[in-house]
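Undergrad: For reference, the chains in residue letters:
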Amino acid sequence: MVSLRLLGLLLLLALSLLVSLLVGGSTITPDAILRSLLQPGAHDDVTTIVWQLRMPRVVIAAIVGAALAIGGALLQGMLRNPLVDPYLTGVSAGAAAAIAIAVLAGIAAPYLPALGFVAGLLTAVLVAALARRGSGLDSNRLILAGISVSALFSAVITFAIVRSNSLSSAQSILAWLAGSIAGRGWRDLLFALPYLAIGVALALLAVPALDAMRVGDVRARAVGVNVDRAQWIILASTSFLAAAAVALAGMIGFIGLIVPHVARRIVGSSARALLPASALCGAALCALADAVARSIVAPSELPIGVLLAFIGVPAFLYLYLHQERPA
Amino acid sequence: MIALDGVAIGVAQRTLVSDIEAHIEPGEFVAVLGPNGVGKTTLLRAICGMRPVLHGAIALDGTPLRALSPNARARAIAFVTSDDAMIETLRVRDVVAIGRYPHHPWWEWRENADDDAAIERALRAVHLVAEAQRLFTTLSSGERQRVWIAMGLAQDTPVLLLDEPTSHLDVRVAHEILALLRALAREGRTVLCVLHDLNDAAAYADRLMLLGCERMLAFDVADRVLAPALIERAYGIAVSRVETPDGPRVFAAMQT
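Listed in order, the protein sequences are those of chains A and B. Just so it is clear: in the first sequence, position 134 is 134 by my numbering, and no numbers are missing. Just so it is clear: in the second sequence, position 56 is 56 by my numbering, and no numbers are missing.
Chain B with its partners taken away, still in its complex shape (with noise of 0.2 Å):
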């Protein structure tokens, strides 16, 4: 379990968000919301322990974060991101192998057959296993997001966090990368994921966590967190509600 206890997050001490109390249970899949800028990657960074918090504590299992060191840290979280990097003469397998870093002490160079399996269930999963010998340079983004997503799956964690991984792609490679993180929690992992998209975060995530106004507005399931008046002031944009059968979905009012 992830225990968020009266954090604030900020950059150079400028706090962006304070009062953060969240617990989030293994299995679940939570999206983070808000406007740009509002603390989202900053609180993912701060829950991987690559971000200091400014107040409050962040527990892992009942274990405080800063009490691990940035190996054990790694094996049981893993942060997924999306900026591009430069990479040459790597391929997607190379890249996946990366994800294994903090199951070797640093004399032990070689894979193992443990790197093996772990390679090849993270590829599988995000269905790139024919794709495991191309350069990395030569994939679509949706095949890079699918390669940044193996590579967390690789480091073999019960805890997946990830910013933004569906932006930049199409309607359906979207759709398919929330289906396997919805499975993936279904399997037993939590999935922490800052989306942008109000109705993929309601049709595919457990709950919601809204940002906004420097604290959290919200944490809940999608039936609470949409209601026009809370996105309203998070975002600050008028938006009308409609019940579907899948649930609610919001539609955000057009600006003349």
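Next up, chain A with everything else stripped away, as it sits in the complex (with noise of 0.2 Å):
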């Protein structure tokens, strides 16, 4: 039954790729796309855009959606509270607030995504050294922490464009701060990749210490599961996911905090078919969302961030106030 459904979600996500794939800036013909698809060495405009321009952004969407999905259910699940996303690493807000002041000093932009990556990972090594307590980490102290030093970051983001003496500075870090995948491309991807790489093995290691901790810190030691290392684990695994996701697309809110509910009615609490369902809804609501925001106020474009948080909202108003039904 599980395995239909998880069956069921790898269709919707290859539909929404091709959905994605079709829709941009210019107007080509499902079957000139189709044919590029099935003809990648062809030396023509429509293999170039789709290869190099639209395919990079939808596989990238995709990407960062599942990444977002896998590392909010992980956190979801490790603190037992449905209201937590991977953000709560401190990832996002360290990550933007490298950039902004990035920004005012004037790096140039290719430079941006790999310092955000990188003082991503150290706010998420900071947040984690607060909730650290004895061999393990403490589940409220995290929640504080993260909420805590979230709020700092968002202060020095605010002072940064509040200081910054040009438009255009600030506006780059309000781009930024909104998300897009505009512009990215396969060597962004080829950066991002062993990162993502790493937080999903790691996932995957978690998986049968996450379930058991299913019922609680206490009976998962009971029953053999070192809790302390794999606390570690996830919270790394999230810190990886969350930070090449960052540095991948900007801010995208939402996916980490919804898409791990709707996976969990979909196919239950068991992390071995909840990541991976949570995976594929995000990768799909993530490419469907920027294909949206490509066209619907094409030429120019939607923030994907903006464009999420206006759908991601009442969905999870919706989720959260019906009571949960397994499936």
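No wet-lab data here; the hints were simulated from the structure. Warning: the hint list may mix true and false statements.
Simulated restraints on C-beta separations [stated by the list, open to error]:
hint, chain 1, residue 1, chain 2, residue 2, range
1, A, I147, B, M1, 43 to 53 Å
2, B, A67, A, R141, 24 to 34 Å
3, B, A132, A, V125, 35 to 45 Å
4, A, I147, B, S167, 30 to 40 Å
5, B, G37, A, N140, 15 to 25 Å
6, B, E25, A, L126, 49 to 59 Å
7, B, W106, A, N140, 19 to 29 Å
Per the computed footprint, the stretches of chain B lying under chain A, defined by three or more beta-carbons under 8 Å from a beta-carbon of chain A, are [what the hints assert, rightly or not]:
hint, segment
8, 73-82
9, 90-98
10, 104-117
Take a look, some chain A residues computed to stay more than 10 Å from chain B by CB distance [claimed, not checked]:
hint, residue
11, L104
12, V125
13, W232
The structure presented is a predicted model; accordingly, all values stated were derived computationally and were not measured. Note that beta-carbon positions come from the ideal geometry of N, C-alpha and C, so glycine has one too.
Reassemble the complex: the two chains are provided individually, in unrelated frames, and hints are given to aid placement.
TA: The following block contains the structure:
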């Protein structure tokens, strides 16, 4: 039953990737797009547009969505708190603050994603250090540290915007905060891929422990789970996934919060089904949202982060206010 | 056999009980008694390796507990706590299946035939086979308690530790659970159980371990442990003892 549902989600993802590929600034017929998909080596404009502009963007959107959704499912499961998202690690706030300062300092745009990635990970380390108790992590401390550090860096960002003496630097910071995949290509994906792979590998390592931790940390310890180690693995995994996603697409909110809720309704709470289901749902949603963001006010673009907040807030309220029913 | 040699337990370096000397045989049902806060739960957690001892050593069949990995320890000792946990969207069988965790290496996610058999046995032992697909949140307190015991049984361990398994339960369900533990001990499992009701302990357990005044006051059969002077020393309340066909029972004097 769960396998069938995962298969259904896989088909949904394939469909949304295809739809996302068909949407863009230039009007290309679906026929031409399908032809260029089958002949990637052809030297014509359509093939260039499909393989060098649309495809990397669609793939990046899907990967960012999957990474944030897995991160959200991991943290919600570890903390047994449905209201947390991967940005609780402080990754996004740290990255955004560093990028805001870098923009003010006049650092060239191509360096910003890497800078955001490093700053995001360093902030996650700071949050983890504050949340540490004994050899493990304290759930309440983690939430408190994540919220506090994020609030501090938000103030830094606001300060940077207020102090920016040119409209263009303020706009650069805001564009980054709004989240966008515009202008991203294969090279950006290649940079983020190793860290995404580390994040996913760590997530897979934590699956059995995460399943046992559903009945509480004490019972998980009683069945032999090294809860302290599992917590560190989950936090590291979430931090890598979130930092890579933030480096690729800026601040895209709500996917990490909402998608695990949707996935839980479809496949239940077992991590072995929830993580792939979250990844598939997150990828499909982000790819579709990017397609809408590109086409709704074409030829200009709506920031995907803003669009997802418009969809995300009502969806989250609906899901959370209606009692959860298991699969 | 569980051997406690000169064991001292405590919380944050504060000693709760010291100089515990006890050898618990396989197939024995031991009730751990004592006033609130004396260290009963801490002792169980120390025996299952979840909390370090302050002094002394605990050994399981001659192997020091510290030498066992968390997984190896969880294959030998199950710890059943009645603390409530927020559990959403979990069915009874899902909860019981978590008890199979120590029988799998980390890369093996799928349940195998041994798991199915152990889960089935555990559910049957606590009479919850018919409720296997029910949501945990829809169960009564007694049923939830039985699920936690089933999770411990699914661990398939020779030793079963239980922390107040009869608290919040009505008298019938409490006695059903005690009878189940008695039966498990007869099958050869070592059962160590924290209880508050002295008479229940006397009725079902082979030996009673009485903690109080920061030490183990007694570890013996009910006839010797349910001595009014000893009980008064542990709990600070006078009791009268009555002999019944089922053995001795004690009753606290009414406080005015």
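Undergrad: Does each hint fit the structure? Answer for all of them.
TA: Evaluation of the provided hints:
A hinted range of 43 to 53 Å holds for the C-beta pair I147 of chain A and M1 of chain B, which are about 50 Å apart. Hint check: A67 of chain B to R141 of chain A, Cβ distance near 32 Å, so the stated range 24 to 34 Å holds. A C-beta distance of roughly 44 Å is found between A132 of chain B and V125 of chain A, which places it inside the suggested range of 35 to 45 Å. Between I147 of chain A and S167 of chain B the C-beta distance comes to about 36 Å, which sits within the given range of 30 to 40 Å.
Taken as a hint, the range 15 to 25 Å holds for the pair G37 of chain B and N140 of chain A, whose Cβ atoms sit roughly 24 Å apart. Distance hint for E25 of chain B and L126 of chain A: a CB-CB separation of about 52 Å, consistent with the stated range 49 to 59 Å. Remark: the range hint 19 to 29 Å for W106 of chain B to N140 of chain A is upheld by a beta-carbon distance near 28 Å. For a cut-off of 8 Å, the count of residues in the segment 73-82 of chain B with a CB near a CB of chain A stands at 7, and the three-residue condition holds.
Only residues whose C-beta sits within less than 8 Å of a C-beta in chain A count toward coverage, and the segment 90-98 of chain B has 5 of them, enough to reach three; the restraint holds. Check result for the segment 104-117 of chain B against chain A: holds, 3 residues qualifying (beta carbon to beta carbon below 8 Å, three or more required). Residue-level check passed: L104 of chain A sits 44 Å from the nearest beta carbon of chain B, beyond 10 Å. Every CB of chain B is more than 10 Å from the CB of V125 of chain A (nearest about 25 Å), matching its label as outside the interface.
The non-interface label for W232 of chain A is consistent with chain B: the shortest C-beta to C-beta separation is roughly 15 Å, beyond 10 Å.
When the structure is compared with the earlier hints, no violation turns up for any of them.
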